[in-house]
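Number of protein chains: 2
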Amino acid sequence: MGVVRKTQSVSLVLEAFKADSKAISVIDLVDRFNDKINKTTVYRVLDRLEDDGVLHSFLGVNGIKWYAPCKDCSEHKHSDVHPHFQCTDCGKIDCLNVDITIPKLPNREVVGAQVLIQGKCEACCN
Amino acid sequence: MGVVRKTQSVSLVLEAFKADSKAISVIDLVDRFNDKINKTTVYRVLDRLEDDGVLHSFLGVNGIKWYAPCKDCSEHKHSDVHPHFQCTDCGKIDCLNVDITIPKLPNREVVGAQVLIQGKCEACCN
DNA sequence: AGTATATTTGCAACTTAGTTGCATTAATAG
DNA sequence: CTATTAATGCAACTAAGTTGCAAATATACT
Ligand SMILES: [Zn+2]
Ligand SMILES: [Zn+2]
Ligand SMILES: [Zn+2]
Ligand SMILES: [Zn+2]
Numbered sequence: 001m002g003v004v005r006k007t008q009s010v011s012l013v014l015e016a017f018k019a020d021s022k023a024i025s026v027i028d029l030v031d032r033f034n035d036k037i038n039k040t041t042v043y044r045v046l047d048r049l050e051d052d053g054v055l056h057s058f059l060g061v062n063g064i065k066w067y068a069p070c071k072d073c074s075e076h077k078h079s080d081v082h083p084h085f086q087c088t089d090c091g092k093i094d095c096l097n098v099d100i101t102i103p104k105l106p107n108r109e110v111v112g113a114q115v116l117i118q119g120k121c122e123a124c125c126n
Numbered sequence: 001m002g003v004v005r006k007t008q009s010v011s012l013v014l015e016a017f018k019a020d021s022k023a024i025s026v027i028d029l030v031d032r033f034n035d036k037i038n039k040t041t042v043y044r045v046l047d048r049l050e051d052d053g054v055l056h057s058f059l060g061v062n063g064i065k066w067y068a069p070c071k072d073c074s075e076h077k078h079s080d081v082h083p084h085f086q087c088t089d090c091g092k093i094d095c096l097n098v099d100i101t102i103p104k105l106p107n108r109e110v111v112g113a114q115v116l117i118q119g120k121c122e123a124c125c126n
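Keeping their order, the protein sequence lines are chains A and B. Following UniProt numbering, the numbering of the first sequence begins with 1 at its first residue and continues without gaps. Following UniProt numbering, the numbering of the second sequence begins with 1 at its first residue and continues without gaps.
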């Protein structure tokens with residue numbers, strides 16, 4: 001079950017993602033709200049928002065958790081699986097609106113894929 | 001700098017990868033050798049073997065570290081970047097000998113990609 | 001073989017990301 | 001305005017991985 005009550009914590013977190021639609025790491029969010037929202041609450045709010053199809057999560061380099069806004073998802077149906085791009089210079093991550101074709105694998109049943117492309121982002125290329 | 005001395009720990013770790021050429025998680029290795037090799041040493045041996053191009057590492061689901069034997073790599077030149085397949089049933093990971101084409105991204109300089117395909121492995125499909 | 005040297009190891013303590021249990025707070029319904 | 005129950009804060013915990021340092025051991029040299 002996802003978000004049931006519109007609490008202050010939920011509003012604050014949603015605002016953060018409305019500001020720019022980039023991905024934000026949990027580390028960053030916990031740090032950013034350290035005087036407003038308890039660490040545990042940040043984790044739990046993100047969890048609920050993901051349940052509701054408002055945010056989606058994935059792992060960046062080093063295995064830390066990131067969240068980004070969903071496009072057309074709903075509760076229990078995350079339809080926006082897409083690659084992510086992490087900049088090796090600034091560390092920021094974007095969701096990519098491109099399709100990666102996963103090759104057919106004999107004798108295996110593919111259900112999904114996590115793709116993290118690495119390189120220099122637009123800002124860091126200049 | 002990688003492996004300089006052929007120690008007992010190095011031999012044990014290499015044997016583990018010779019047995020079957022699948023990927024092995026660090027967790028598994030630490031556990032498997034818990035009465036023979038200290039946890040710290042396992043991490044350090046794996047580190048050195050990766051430096052030497054003998055093993056390569058990547059992150060599985062949940063961000064835990066896995067290692068697998070390299071094909072044609074040498075010190076400081078890991079040439080075998082390839083997708084990995086993790087079974088959602090048994091959790092095991094294989095290196096895949098297929099190419100994934102990363103689309104051209106405007107205004108970005110791509111240097112690599114980490115691809116983790118998820119699904120049912122050959123063994124678990126039966 | 002015996003010894004010197006530097007690499008490697010084990011241990012304990014630490015760091016960091018994330019989780020759990022429980023008492024308290026606060027959002028919503030009636 | 002009150003009752004109900006979701007949500008929060010806190011402290012303590014777990015688990016993966018790291019660090020510093022003294023002790024052990026592999027290798028080179030005599
Ligand atoms: Zn950048
Ligand atoms: Zn995304
Ligand atoms: Zn399987
Ligand atoms: Zn591999």
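Just so you know, these hints were derived from the structure itself, not from any lab. Errors might be hidden in some of the hints.
Just so you know, same-sequence chains aren't split out, so a pair can sit in one copy or run between any two.
Cross-link-like lysine-lysine pairs, in silico, DSS-like; alpha carbons within 25 Å at most [said to hold, decoys possible]: (1) 120 / 104; (2) 104 / 22; (3) 92 / 65; (4) 120 / 39; (5) 92 / 22; (6) 6 / 92.
Here's how the hints hold up against the structure:
1. Taking the shortest Cα distances, residue 120 and residue 104 sit within 25 Å of each other only across copies (13 Å), while inside one copy they are farther apart (30 Å).
2. Proximity of residue 104 to residue 22 under the C-alpha cut-off of 25 Å is restricted to the inter-copy arrangement: shortest distance 20 Å between copies versus 31 Å within a copy.
3. In the homo-oligomer, the alpha carbons of residue 92 and residue 65 lie at most 25 Å apart both inside one protomer (13 Å) and across protomers (22 Å), since each shortest distance falls under that limit.
4. Taking CA atoms no more than 25 Å apart as the test, residue 120 paired with residue 39 passes in neither setting, with 31 Å inside one copy and 35 Å between copies.
5. Proximity of residue 92 and residue 22 under a CA criterion of 25 Å is satisfied intra-copy only: 8 Å inside one chain copy versus 32 Å between copies.
6. Taking identical chains as interchangeable, the C-alpha atoms of residue 6 and residue 92 are never at most 25 Å apart, the minima being 29 Å within one chain and 41 Å between chains.
Hint compliance for this structure: hints 4, 6 are broken, all remaining hints hold.
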